[in-house]
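J.: This is what each chain is made of:
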Amino acid sequence: MAENQSLVGEFFLSGDEACAEGAISAGCRFFAGYPITPATEIAERMSIRLPQVEGIFVQMEDELASMAAVLGASWAGTMAMTATSGPGFSLMMENLGLGIMLETPCVLVNIQRGDPSTGLPTMVGQGDMMQARWGSHGSYEIIALAPSSPQDIFDLTILAFNLSEKYRVPVVIMSDEAVGHMSEKVVIPYVAPENLVGRRHPRVSPEEYLPYKPDADLVPPMAVAGQGYRFHVTGLTHDERGYPVMTVEAQDRLVRRLVDKIRVNRSDIMRYREVQVEDADIIVCAYGITARIAQMAVKMARDEGIRAGLLQLITVWPFAEERIRELSQQARAFVVPEINYGQIVLEVERCAGDRARAVLVPHMGGEVHSPDTILQAIREES
Amino acid sequence: MTGDLNMENQSIEKYLRQDRLPHIWCAGCGIGLAVYCFLTAIDRAGIDPDEIALVSGIGCTGRVAGYVRLDSFHTTHGRAIPFATGLKLGNQKLNVVVFSGDGDLAAIGGNHLIHAARRNIDMTVICVNNFNYGMTGGQVGPTTPLEARTTTSRYGCFEPPFNLPYLLSASGASYVARWTAIHLRQLERAIAEAMIKPGFSFIEVICPCPPIYGRMNKEPNGLDSMHYYQEKSIIRNGADPRETAIELNGPIVVGKFVDKKCPTLWDHLRQVSDRAKERAKAKA
Amino acid sequence: MKLWRRSFDAAQVATKPAQVYIDEQRCKGCGYCAEYCPREVLKMSTELSPRGYYLAVVDDDSKCLACGFCEIVCPEFAVKVSSDNTQ
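Residue numbers (our numbering), protein chains in the order written: chain B, 1 to 382; chain C, 383 to 666; chain U, 667 to 753.
Each hint should be verified, as a subset may be incorrect.
[As the list claims (entries may be wrong)] Quick partial rundown of chain B residues pointing at chain C, CB under 8 Å, derived from the structure:
1) 64
2) 116
3) 233
4) 235
5) 237
[Stated by the list, open to error] Listed below are several chain B residues computed to face chain C (Cβ distance under 8 Å; list not exhaustive):
6) 51
7) 56
8) 62
9) 69
10) 77
11) 95
12) 134
13) 140
14) 234
[Said to hold, decoys possible] Mimicking DSS-like on lysine-lysine, the simulated pairs with C-alpha atoms at most 30 Å apart in a straight line are:
15) C:659 / B:185
16) C:614 / U:682
17) B:185 / B:261
18) B:185 / C:600
19) C:396 / U:729
20) C:475 / C:659
21) C:396 / B:213
22) U:709 / C:396
23) C:600 / U:709
24) B:213 / C:665
In case anyone wonders, no lab produced these hints; they're calculated from the structure.
Backbone N, C-alpha and C define an ideal beta-carbon position, used for all residues, glycine too.
Start from the sequences and build out the full structure, keeping to the hints where you can.
T.: See the structure below:
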């Protein structure tokens, strides 16, 4: 093990296991969760690994408690994470909102499964994508990442912690049961602590400290409990002192900053991957496990002479609006395969306007698309 | 004479957010009394205020977090205890206090309450019990006595209430006490004891809610409630918690009911953690 | 509440004066301090304050023993007792 006690080397891991290792490599030392297929293995691995690295694992009585405990641990100064699936994701929404309002760094992993409701616990789905953006009540912005392999989920878990600490916002990892339960080679490098982004500490004395006075990038430095700052924070609308101020002006300032905090920093947050997009007429826009099948479909289309390309969304939220708008000038159509009945396709449609068509290739859940299904849609648009 | 003494210098004032006073609680409300006892307790017991983290939920008592000059968190309804659990596990040096009301802790938060007691996690929970949901106008709650009138039980409450000391003692809490708003010296001592004692401590504080619960139940002035507590309280330290149920206008058994020494969550966790490290070393 | 006991050395020892201060901005006239003072030092005013309350006022603080109960029984943190009594 490395000195920060993460594993280093090449391993054969499932997506769930890789996610847990990514968290440990990133410095996560607190996990509170509740068993739910197909995310339980993350909790199980954390329960083994965290005590080995002086961290704490606790299984809470339900998902509401899990999310609340994660926020508490983060406010005690420890990097914290929880993992769940659709039904638990719904239960976590209120406290996710509290995390956004209090500007608490933390990571929430959703290994999506067939839904709605109890759905298909052991089978793949991608039906929570809009919920990741809008699931909690109110106006806010959030960061959501979509990994497509065990190696990817390892890397993106580290990225999730870095973004979460940097922007003081909960980051959601929208994975799925296919990635969570598949096992592949995962290369775990030594992650030097100086390469991790920690939260910004206050630079003033406790007397001068204002918990929500932002820096130029709209992110306030964060004091934690027990450092003598004697701050107060609340889920009520508040001002820079952290006190509840229930006025129209305070609401305007606070809500705008919570949203703009992510929007003005989009160029640092946004990530996507493009394959053969430069001259593409038909662009397949996909995320998560579906992106891998889409890449195969694009190759098959090219073999047939169709100028197809792949835009893989890595950050699904904030959505890649500018890139879609740009590409809609060159492409005739976007083909959007997703394991739901149409969620991210709505965003693509919105951004493409009437310059390009947005074509949904849905799968209700339970298995991944076949490359032929996507290829067929590409053919129809070409 | 009523003078203009400089309040800032008084020893308890330094624990209050001066810029947030006067507080929003009604005339005669008992929450201010519970807060004053709490602040006096930490001052006199010499507990380091920089190490205290106070968490409250939603409701009138939930507003306590906003008035104390400590690291304080005003969280979601019913979830103060799991938030506090996260704080304590994230930094064991913190002295974690949960200050919340009967509805927040025993209804929506009921599940978290019993699990935290079961874990015997080192924290102190101060439950202000005014027998209703005050902030939203006085609805029935899990501690409303049978036959009591509230805005959602106009013909009398038809649900038997929780006997909180019994519930907490059965769940595994290592310190359980109940006092009323008139038993201020005893309450202060209990809070200091509870905060110093390792393990899960629960203190129920029966308080007046004059304009709402009080008005609907023949205690329209705070003084009516205080007289009731004075006349009908029976101090029975060490009483069996099964016998501490409260009936409408009936006697209120107060005192320290449970004070036992047992391993805390951290004691168990440390054992497990040591074992994990030994095994990892043995494998290496 | 009336205090019915007298200390044994009441004739020999003169207690030094104590003073009760009531913050008019915080007092909401609940009456607890006046009711529970064992020496009837406080009473309720019959005039409405600008905030609409009948405030607690000091009636006669020569009787005050600085027991401090009015201070802790005030839900508003409005009462402060100051005294030179060190005994």
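J.: Each hint needs a verdict: does it hold in this structure or not?
T.: Outcome of the hint check:
no., hint, verdict
1, 64, "holds, 6 Å"
2, 116, "violated, 24 Å"
3, 233, "holds, 6 Å"
4, 235, "holds, 6 Å"
5, 237, "violated, 12 Å"
6, 51, "holds, 4 Å"
7, 56, "holds, 5 Å"
8, 62, "holds, 7 Å"
9, 69, "holds, 3 Å"
10, 77, "holds, 6 Å"
11, 95, "holds, 6 Å"
12, 134, "violated, 18 Å"
13, 140, "violated, 15 Å"
14, 234, "holds, 4 Å"
15, C:659 / B:185, "holds, 26 Å"
16, C:614 / U:682, "violated, 37 Å"
17, B:185 / B:261, "violated, 36 Å"
18, B:185 / C:600, "violated, 72 Å"
19, C:396 / U:729, "holds, 29 Å"
20, C:475 / C:659, "holds, 22 Å"
21, C:396 / B:213, "holds, 24 Å"
22, U:709 / C:396, "holds, 28 Å"
23, C:600 / U:709, "holds, 24 Å"
24, B:213 / C:665, "violated, 49 Å"
Hints 2, 5, 12, 13, 16, 17, 18, 24, counting from the list given before, are not met by this structure.
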